[in-house]
Structure formats: structure tokens, C-alpha cells
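K.L.:
Now for the letters of each chain:
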Amino acid sequence: MDFEDTREEAEFRARARAFLEKAAPRREGTNMLYRAATADAGFIAQAKDYQARKADAGFAGITWPKEWGGQGGSAIEQVIFDQEEAKFGVPRGIFEIGLGMCIPTLCTWGTQAHRDRYARKALRGEEIWCQLFSEPAGGSDLAALRTRAERDGDDWIINGQKIWTSGAHYSDFGVIVTRSDFDAPKHKGLTYFFLDMKSPGIEIRPIKQISGASHFNEVFFTNVRIPDSQRLGGVGDGWKVSLTTLMNERYTIGGRAGVDVDELIELARKVELDDGPALKNAVVREKIADWYVQSRGLKYSHFRTMTALSRGETPGPESSIGKLVTGRKLQDMSAFAMDLLEQGGVVTDPALAPMAALFQQTLMTSPSSRIAGGSDEIMRNIIAERVLGLPPDIRVDKDIPFNKVPTGKKG
Amino acid sequence: MNFDFSDELKLLRSEAQAFLSERCPPSTVRRVLESTEPYDVALWKDMAAMGWTGAAVPEAYGGAGLGHLALCVLAEQLGAALAPVPFSSSIYLAAEAIAIGGSPAQKEAWLPKLASGEVIGTLALAEGPGMASLRRLRATVRGGQLTGEKMPVPDGEIADLAIVVAQGDRGIVLALVDLRGKGVSRKPAETIDPSRKHAQFVFEGAPCEILSGDGEAVLRDVENRAAILFAFEQIGGAQRALDMARDYALERYAFGRPIGSFQAIKHKLADVYVATELARSNAYYGAWALSKNAPELAVAAAAARVSANEAFYHAAKENIQVHGGMGFTWAFDCHLYYRRAKLLALTLGSTRVWKERLVSQLETANAPI
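Residue numbers (the working numbering), protein chains in the order written: chain C, 7 to 417; chain Y, 3 to 371.
FYI, nobody ran anything at the bench for these hints, they're computed from the structure. One or more hints might be untrue.
Covered by chain Y, according to a simulated footprint, are these stretches of chain C (three or more residues, beta-carbon under 8 angstroms) [as the list claims (entries may be wrong)]:
| no. | stretch |
| --- | --- |
| 1 | 7 to 16 |
| 2 | 149 to 162 |
| 3 | 291 to 301 |
| 4 | 305 to 313 |
| 5 | 326 to 334 |
| 6 | 398 to 411 |
Here the structure is a predicted model, which means the values were calculated and not measured. Where is the CB? At the ideal position from N, CA and C, for every residue including glycine.
Take these sequences, add in the hints, and give me the full structure.
P.N.:
Dropping the structure here:
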């Protein structure tokens, strides 16, 4: 039992580090990195430049097969690269959805011509992709979506609305799941496409979040045409294709880091309570212990997952707990950290608030980490069903035509 | 990255599991629980014969010298089976204390017998209800004689040997007492978990030897190492309680469907699963620190302890809840886990105490990897 790389892993790590040393500055101080609140043109240009260098050096698409334009490498190599990359100040956040979810789906279900045309450009950051799945009536219950696709000669005509689409406003292409048959049961009437985000009839409206930032959008479709050649999977097979995308989502989102107990300890050292530093207060100490145990429990669970990957095995179910634990920890720990600052805890000006308002920002962004990519409730269902083998929920809408499924006022 | 037990140890784990499922079903635990039988003597002898008691004792002292990772693997299975034997007292506590603080002669005298299971040892710290604060301990060693009271002492009824924590001439000492000698009286102390018997001791000038080294430092070291081994017992127990709840939730129907199809039950058990996995991962890190005697041992032990205390109690508590009314009957086995969970969570100090130790370590220690 040890934490050492194998010889091959150590060599790969050294190559990754050598590339990163040249490509980006090391991160300093509090090791937090926030995505730019709005991905402006300058940030996107910077991100594209870094992504191209990363691809040219052979560190993009590490686990992708060669036919996709990838490196044909192992999952452990991807983990090692991610670990090393996290130590550097690289612009992140605009390619993950495309490379993590959209292109793998396209490459799995599309033709070699599709792979040749789109995968390499996406890998080099030349084209950005978004994922058009959720709808006002289809969030956790994704298959309740209603965006309509109607066949018209060699095209399909799309009408409807998508929501929570990250990066739609700067994306070149998107993957979309639509309803092509309203008479079929809900999982059976779906069809999956990819499309040009500059197509006529698409309107994108940013959604302002609690934090004030706008990472995602509403996207409206009015008679948008998609050629049938951009259909992925058969007509009515959209649910099956969507599952390819969603299986990749868990990995992409599960890997996200954030503020952790180490920052809380740092704050508790600095803040003075009535009777001395907060770190000396019994209540504070108990909370720190709670979050430390969660934090390191997750870290060592990740080591167990890495061990499985390193041996070429499939990770065990312990890899499913990260998102559930992290979301709650981020939110509750931020709220507690602010309590230590008493009334001053409300201040969000980075010049006035300790640690550049890290905890205040996290309080405002963390609700999304308990919802996006599978809410806490959905994650618990997944653990209960897939890990513990408990029965799936009884679905009253499963076998009836979609247009007979009852909907609520907010549907 | 190789953060896992070796294939050999995984084999040991499945052998232990197979042996205990045959020799230590819940009915065996219940037999000890419901009687005055202090422990399952035959089970203990067979475990000793298989070399479990000597697994981590050096070969020079009659052990198998397999190292502490082997002990972790065995502990997990003993915990899952709720084995009614003095393994933790004799091996994690007494043998470890002598291995760390004993003189060559003391090791020679006791380790081979502890390794073979012929002698049963224990650690006596608590002096009644309340925190066993080293400043307030009243047991005293003067001129090689121990005087004082200890209660509750795990496996105290049957132990041949105790490491007794007491005040010496210059601070805390660990006194090695042959309990078969004079000046020792004991009687059973009833506890929440009679499948693991405890005793009340009165020492009146009992002859003793002092383990070498700073008593407090040796005690903390023993406790840290034992905390990791206990954590493996606890995750074994937590997993078994979770499995039991899951099985019942699949079999039991209410409102025309298995109760395991209700989200109130699914989400409850998902949370138990999460707590158990976090505890398992923290215990693994503890196992690594224990096997390497790493500088991170104290932090790793405290994190493993806190995590495992909470996970086993949580699992045992919710196992009763999922079983509904049947869960609090004597006839169902749920209470066996519930008792053991709380017993183990207090045997080596409460969650509160270990959280405090964890943060104290974090204040001073280098942050572990």
C-alpha cells in the first residue's frame, strides 16, 4: 500500500509537468481558482490558445481512441494530467462540456466523417460545443422534454425551448435531444441531433444566477432547420444516445474542486472571537473536524478510484459519492465561515472581505453544485438503485403516450 | 498509486470472512450476549491456531510477522461478525503497548503468550463515568505497587494481564500487572453490549512493572494505532448493518410495494452508504500510516476514528429504523450492531475527544498528503 506512481506513470507525470511549466504560470497563495464570472472575448481567446498548445503537445483527448483523434491513453494518465494541471493557473471552463460530453457522444454515434470533421477542431479549442438537454419541463426528469422535432424532407424543424445551457452564447455547435413523437411513451419518442449554434431561428438569452454571473442560458428554437445527416442514432433512439452523454457528465462534473476545509482552517487562524482566535474555539474545532473527515475521506476515496484505474480496472461505487458530499460541504462550510466574521461576513468586496471574499462567493455559487449534473436527490437515488440494488422509483408515466402524461402548473 | 490491500491480504480477508460466517454467525454473538459466558473460548482458540492473534507480532516473539495491514484486514472481518472474543483488548491494546514500551525481558515474557492466545491482555484506563483525563487519574504506582480502581475494563473478567494507566512518581505510567497475582480483585460490570464483557477492578498494592518511555506518549501511540484497528472493526460492522437494512428493505412490503422503493428509505440508506465509504477511505489511509509508522499517524488515526465512530453508529441506528417495530425487538439482530456500535465508539474515547485530538494535530502537524 503506497501512493507512488508506477515507472510509466512517473514518466507521464514528468512530461505533463514539463509541458505545463512552459505553458502556464504556477498557482500561488490560496489555491482557489474561479472561472471568469463572464467568459469574455479575451478569456476565450486565452483559453483557446492554451487548449491548442495542450492538444499539440498530446495532452488533450488523452483517453480518446486514435480514430477520434485522441491519444489512446489510459484513464490514470488523464487523472495524472488533471492533478498536475490543477497546480497551474490555466484558463478553464469552456471546453469541458464539449470534450467531456458532446464529442464523445458524436464519436460514439456518428460516422468517421463526423469524427474527422469535428473532433480534432474541438480538441484544439477551435470550436466550442454546448449541450442542449434540460428544459423548463425536463430537469431531473430529463425525458419529460418537449422541444419538438418534425421531419421535413431531408431536414428536421425544431421548435421549443432549452434551459441551463452552459456556454450557449459562445458555442459554435451543440448537441440537442428533442421529441419527435408525442404519441409514443416518453422515453421512446426522442431523437438526438447536433447543430450549428449560428443556425437561423436560435435565440439565446443569458440567465442571471444568484451570484450575479451568467454561465448559462435559455435557448429558444423557432423553426430551426437541422439536416437529417446530423441525427445521431435512430429516430426514436434519442434516450439511448442521451445516456452516452450523461454517463460522461458524471465524470466531468464529479472532478470539480472548490473551497475546502484547509481554507476554513486558514480563516479560523486569522479571525479573532471574543476569547481568542476562532481556531481555539470548541464549536469551531468540532466543525473543522467534521469537514476535515469528509474532505480527506473523499480524497482517499479518489485514491482508491485511481488505484483501480492504475490497474486497468473499473473503479468501484465509491467514486459515486464525491458530488453528493462536496456540494453540501461547499455550501455549509461557506455559511459557517461567514458566521465567524459576524456582521462583517456579509461583505463581498474582495478588497474588504478576508481571503478575497472566497467564502461569500462560494455561498452564492454552491447551490448549483447540489443541483447541476444530477441533484443531491437524484444522486441518492443513483446510489440506492445502482450501488445498493434497491428498486427503481415507480414511474406512473412510463408506458403511456407522452401527450397523455399529466403535467402541473409549473410544467 | 497503489492504495489498496495486496492480493495476499485480500485472500486473507476472504478466508477470514468464510471462517467467521461459519463459526461466528449472529447466533454465536447472541449466545455470549444472553449468558454469563465471558467470550467464545473455542472460537478464540481456533483464531489463535490460525495465527490471527500473532499476525502482527514480530516473528522473534512467536508471531507471524505479517504486519499491521494483516491486522486491519482481520479487524474488518471481526467487526463485521461482531466476534465475541477479546481480540481488540489483547492484541490492539495490550500486545501493542508491550511491543512499543516493553523492555526486552517484558516482551520475551508476554508477547509470545499473547501471540499464541494463551494469555489474554487488556488496557485499563477509565475510572468510572467521565473523561479519563490523565491529570485526574487516581490510580497510583508507588514502589512497584499499584493502588486504585478501574472501571469499566474490557475483557477484565478473563484477562491474565493488564496494562494499567496510573500516576507514577514523575507523571503518567503504564503499569504491567499480572492479574493472577495478589492485590487484584475484580467483578463483572454490566454494559450495553454483554457480547463483550467488562469488569470492575480494585487494585490494592498489586505488584507491577512499569513500561519504559514517557507513559503519556506511549499511551497516545497505542491509542492512535488501536484507533485505526478499531476503525476497521467499525467499518466491518457498519457495512454489515447496511447490508442487513438493504436486505430487509427489499423483502418487507408496505402499501403494496417493497419499502426499499420509497425514497425516504432509499435516501436514508444512500446516506449510510456514503458515511461508510468515507469511513472506509479514512481507515485505509490510517492503515497506510500504521503500516509505514508514518509521521501522519496521529492525524490519520484521529480522522479514521471520528469517521468510523460516526459511520457505524449511523448505520446501526438506521438499520433499526428501517426494520421498524421488529427492529427494536430482542429477537431481531439489529440491536447486536447497535450495542456494538456504541460500545466501540466509547471504548477508546468518544467522538468529541477524538475530534479535539484531530484539530490539535492539524494545528501543529504538517498537513498530510
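K.L.:
None of the hints should be skipped; say for each whether it holds.
P.N.:
Taking the hints in turn, this is what the structure says about them:
1. Check on the stretch 7 to 16 of chain C: 6 of its residues sit with their Cβ under 8 angstroms from a Cβ of chain Y, so the three-residue criterion for coverage holds.
2. Taking a C-beta to C-beta cut-off of 8 angstroms, the stretch 149 to 162 of chain C contributes 0 residues in contact with chain Y, too few for the three needed, and the coverage statement is violated.
3. Here's how the stretch 291 to 301 of chain C fares: 8 of its residues keep a CB closer than 8 angstroms to some CB of chain Y, so the rule of at least three is met and the hint holds.
4. A count of 7 residues in the stretch 305 to 313 of chain C with a Cβ less than 8 angstroms from any Cβ of chain Y is obtained; the coverage claim is therefore met, three being the minimum.
5. Interface restraint, the stretch 326 to 334 of chain C with chain Y: holds (3 residues with C-beta to C-beta distance below 8 angstroms; minimum three).
6. Requiring three or more residues with a Cβ within less than 8 angstroms of a Cβ of chain Y, the coverage given for the stretch 398 to 411 of chain C holds, as 3 such residues are present.
Of the hints listed earlier, the one the structure fails to meet is number 2.
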